[in-house]
Amino acid sequence: MRRAGPFLALVFRNRLAGFGAVVLAVIVILCLITPLLPLLPPNVTDTPNKFLRPLSEGHLLGTDHLGRDILSRLLWGTRLSLAVGFAAALVAAGFGTLIGVTAGYFGGRTDNVLMRLIDMIMAFPYILLALAIVAALGPGMLNALIAVAAVNVPFFARNIRGLSAGLAAREFIDAARLSGQGHTRIILTELLPNVLPVITVAVSTTIGWMVLETAGLSFLGLGSQPPQADLGSMLGEARAAFLTAPHVMVVPGLTIFLIVMSINLLGDGLRDALDPRLRSGALARPAPVTLIRRDGPAPVAEHPEAALEIQALSTRFEVGARVYKAVSDVSLTLGRGECLGLIGESGSGKSVTALSVTGLVASPPGVITKGAVRLSGTDLLSLPYRDLRDLRGRRIAYIFQDPLSTLHPLYRVGEQMVEAIRVHRKMPLAEARAQCIALLRTVRIPNPESRFDAYPHEMSGGMRQRIGIAMALVNDPEVIIADEPTTALDVTVQAQVLALLDELRRDRGLSILFITHDFGVVGQICDRVAVMYAGRIVEEGPTAQVLAAPAHPYTSRLIASLPAPGAGKRRLVSIPGLPPAVDRLPPGCAFAPRCHRAQQDCSAGDIALTHQGKRALRCLHPEATA
Amino acid sequence: MTPALQIDGLSKAFPAGRGLFRAARAQVQALHPISLSVQPGETLGIVGESGCGKTTLARMLVGLLKPSTGTILIEGKPFDTRDRRISSQQIQYVFQDPISSLNPRKTIRQTMETPLRVLFGMDQAARRARIDEVFEAVNLRPEFLDRYPHEFSGGQAQRIGIARALLARPKIIVLDEPVSALDVSVQAQVLNLLADLKAEYGLTYLFISHDLAVVEAVSDRVAVLYFGAVVELGPAEAIFARPTHPYTRLLAQSAPAPGRPLLRRDPAPAELPDPLHPPLGCAFAARCPKVTQICRQSAPALRATGETQLAACHHPDGLGDQA
Amino acid sequence: MGRYILYRLISAVPVVLGITVIVFFIMSLIPGDPATAILGAYASPENVAKLNRDLGLDRPMVARYFIWLGNLLTGDFGRSFSLNRPVLDEITERFSATLVLAGVSLVLCAVIGIAAGVVSAARQFGWQDKAITFAVLIGISVPSFFLGMLLILTFAVNLRWLPVSGMYEIYGGRTLWDLARHLVLPATALAAVATGVVARLSRSAMLEVLRQDFIRTARAKGVAERGVIWRHALRAAMVSIIPVLGIQAGFVLSGAVYVEVVFQWPGVGRMLVEAILKRDLLLVQGGVTFVAACYVLFNILVDVAQSLIDPRIKA
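Protein chains in written order, with this note's numbering: chain A, 1 to 626; chain B, 1 to 323; chain C, 1 to 315.
List of simulated lysine to aspartate or glutamate pairs, EDC-like, C-alpha gap at most 16 Å:
#	chain 1	residue 1	chain 2	residue 2
1	B	66	A	174
2	C	130	A	268
3	A	569	B	196
4	A	569	B	42
5	A	569	B	237
6	B	106	B	143
7	B	171	B	196
8	B	171	B	75
9	A	426	A	390
10	A	614	A	338
11	B	77	B	8
12	B	106	B	151
13	A	569	B	220
14	B	198	B	220
15	A	614	A	527
16	A	569	B	211
These are calculated hints, taken from the structure and not from any lab test.
Let the sequences and hints guide you as you build the complete structure.
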């Protein structure tokens, strides 16, 4: 295992998992050395000394109804219970994996037949099947083991099948097929290594269940037979007199509890350590507002007449010891009725800027560390949550990228629009409905009355995005932030949606902050454009000017590398290298390592954004055209 | 000249839906019978939007999917994927998602070695030499070989994907949206690399993409797919400069480009027909500005609409009524 | 909706048939003479011969299966030798007692489990979350038969608040109040594990959903946090919680076997255990088939509930 060391460290970082591991280790070691311990024989009866209390002489934990030493029986019994639980888990995992991998990998009819079979077995409440098996085979520990293993096969088979089917659909399996590997080889060398960690965790978490289930059967008298002790049969035998001699029952009961709990704790730790999402801390619930931790006072408003003014905004992601500076010192001014494009590649910080405006960046791990966002002069980052929430959707509305994932899948689109109105204004349902239908007509959705009652999945991507646009408009907001609203759409649909947005903004005088990665889109819809690279704005200006005469080498190279339609087959201009990771930004200009005009001073220190007329630039050696 | 690749009447239908009783099964025609040929050293671009059948076509071409009808000929001989040793030297595939096409639990070297070992039984020294060779060809540093896929950016992973495709020295490479997952600045790097490799090794490309600007920049000829059928076929420079099928025209006009005005008139809703109930006539009829009665009644066949262009349209542009 | 229910009912037929096949197959694993095994070692030769005739035990296995299946369909589950009454009568009587116990436990585990999970997720890493997580850990680790005995010791024997065992007082009017008093302890013991599992799953389902894009959309619209959690997130999380409730119903039915034994509850689980120990195999065979078939029906209800919540599921 290439990551065994750090992996275990990760498991034990969870202190509870460490505690579970220690308890379990102690129990396992005790079981292993049981034959070597100076214990009384577990099965020798001594009726005169029955029901001795714990701490009696010679019997640390007392004696049971036949005067047998409970400590001795407990250790031998735990040994048996654990062994059977472990064996049952392995057997069930073995068969389950075989079935699951086969069904998941081959799919189709094989999958169908195998899974119907598994469904049949799962149609039984598990103990019924176990009881039937024990009834047929007769009571006994081995038969109990078989029964418990058999009823748990479906659990493994289903999980492994789901996982395998997901993996089998991945392209690397196709690639393996293309490289000439046979099915067996692909399963063994490509699929199984990816499934194995999950199987390991599943086995370790289910051993607890197996111990519990075999103990249960023994408790009912169907597992281990007298005089052989296991934890379940000890409990079962103690039941007859548990009101008078509770310790005979409490000792094995607590032991089962301890074993199962420690296995559960350890299993949780293992699972958490294996789940990469948990590792990055992403499973934390995002707070209603991004954490704001500014080290200084908010800057003074400079353009109170603007619809939206972003001032020196810095947003970062703090993941463990790493700090990703997603947005650094971004200032933007969105005039009334203006459409301002914010363009950049993935990881440039454009979407984080957009989400920071109303504190929608997921926190943890997001933190706003600097700056202000002013809506008609008021700093949104200084507002209490209640006031900020009141602004969201009413004065600032968002249009998001992929409407299939950004609309609630289980509510009708009409309900979602009506909700957007009614969280801000008291309005009778019928009136809200009429307003929404009118808006649906505005965004040119055919049959708006019937579409009002449709679910998002019943619509095409283009229609859904129109819903997204209509929903942003329900409260007549002053500012609309469109975060890559057409990226997920096909090009002919994108053209329609862009035309609609452009028309709406002219008719309604909307102020739009338009986030995109596409210069073509910017050129068609935006009045001004700001270019972002590695979390900073590198260039800003009227769209036509920036497109015609880009001053920053990054902008100019990026525009040049666009394959514009109609130019025929040709060699493209390319930018060497990769964008820097925002947790390891180089000093000075982040683009310098890739830049054809870079000189020594570019990497010396921070470069300021200099304004000249309507344009702004963060570069020491700009393109000659500017 | 024998075409490098010729397909005749290739089509694919998938069973769809589950009836209450199994017998009644509907079919979805993902790809209508298609015939195309690609000359050695040519790049054929295939462009279309979601649901046009371009990925289905690609997967059939490399033998990941069985065609419902039709034949594939490579250099005049039927394409047989049963012997991967031969077929892998004929045609290779570069996947859309570069990271997902690499096994997360194998080093790049392990991934690269498998086909060499399994298909060609090369010994370790020979494998090492061949891998170093292709790695150099795609401008990757050899130390990358001992890393795991998650350590790479999309652009690097796509280079690895291309390197893997080169291992078997194929003549044809099917590129399925090879740059759509990449950022613009990296996209150009990969496209230029593909052009260099083609020149160096005399490759033939099938370049599949939804982005017609990209397709145009790399292709000699382009086939436009709509709803599982070729609607227009012709030289790259002609097809977007002088489209003859109304869909191609719409596609060309929709592509956003700096300095290009927005499409002002809002055509009919841009929705594909229901694949379970395909229309009788032309699939584009509902969106078409030139639609007439005949378009709704019979599906047009692909026919010449100019010296070098073909289109499947009852009322193509270019024949007399140049718009 | 009617179409969907019909579809689910029809597709349940092969499952129920499969159940009978599995039960029949398992029972045919019994070593030795089946008639003697069924009737017990002390059965009279006439009875053995009669049973051999009735069940067609001299015929091949497939034929025997169809005879048995035919009998089942006409409501003839055979006769229990240990109780000397028709198997079906005994099962229906006992099953109603199990239904009361399991039903109450299932409702308890669903309501408490989901509520705890939602609160836990909404207050992630807060003290409520920690307390719930701790309680859940104990709940899912304690064997129900052990918990049952502890509850009896504490609340019935020491505190004398509640009765020790049974379903009603022996000499009483069988009132609802009496039943409720008898139900508290066994239902608690039975619900503990399932509640833990449901709470755990609800918490992780909620956390999963709360990171989704449509939650951000709800917040961007200005929806208050309470609405985000209960209206937007829980609704979506229910899609993964409901199937688990179906699975937990199976676990509750299973746990009922132990709890019924501990609390002397006159349910079908205790009946099965006694039947196995007495080797009353017709009773076991019939009981298992009957309960499994009921469970299949219950799962159809779960699927229907799921389709009501999730419009994406269609017949």
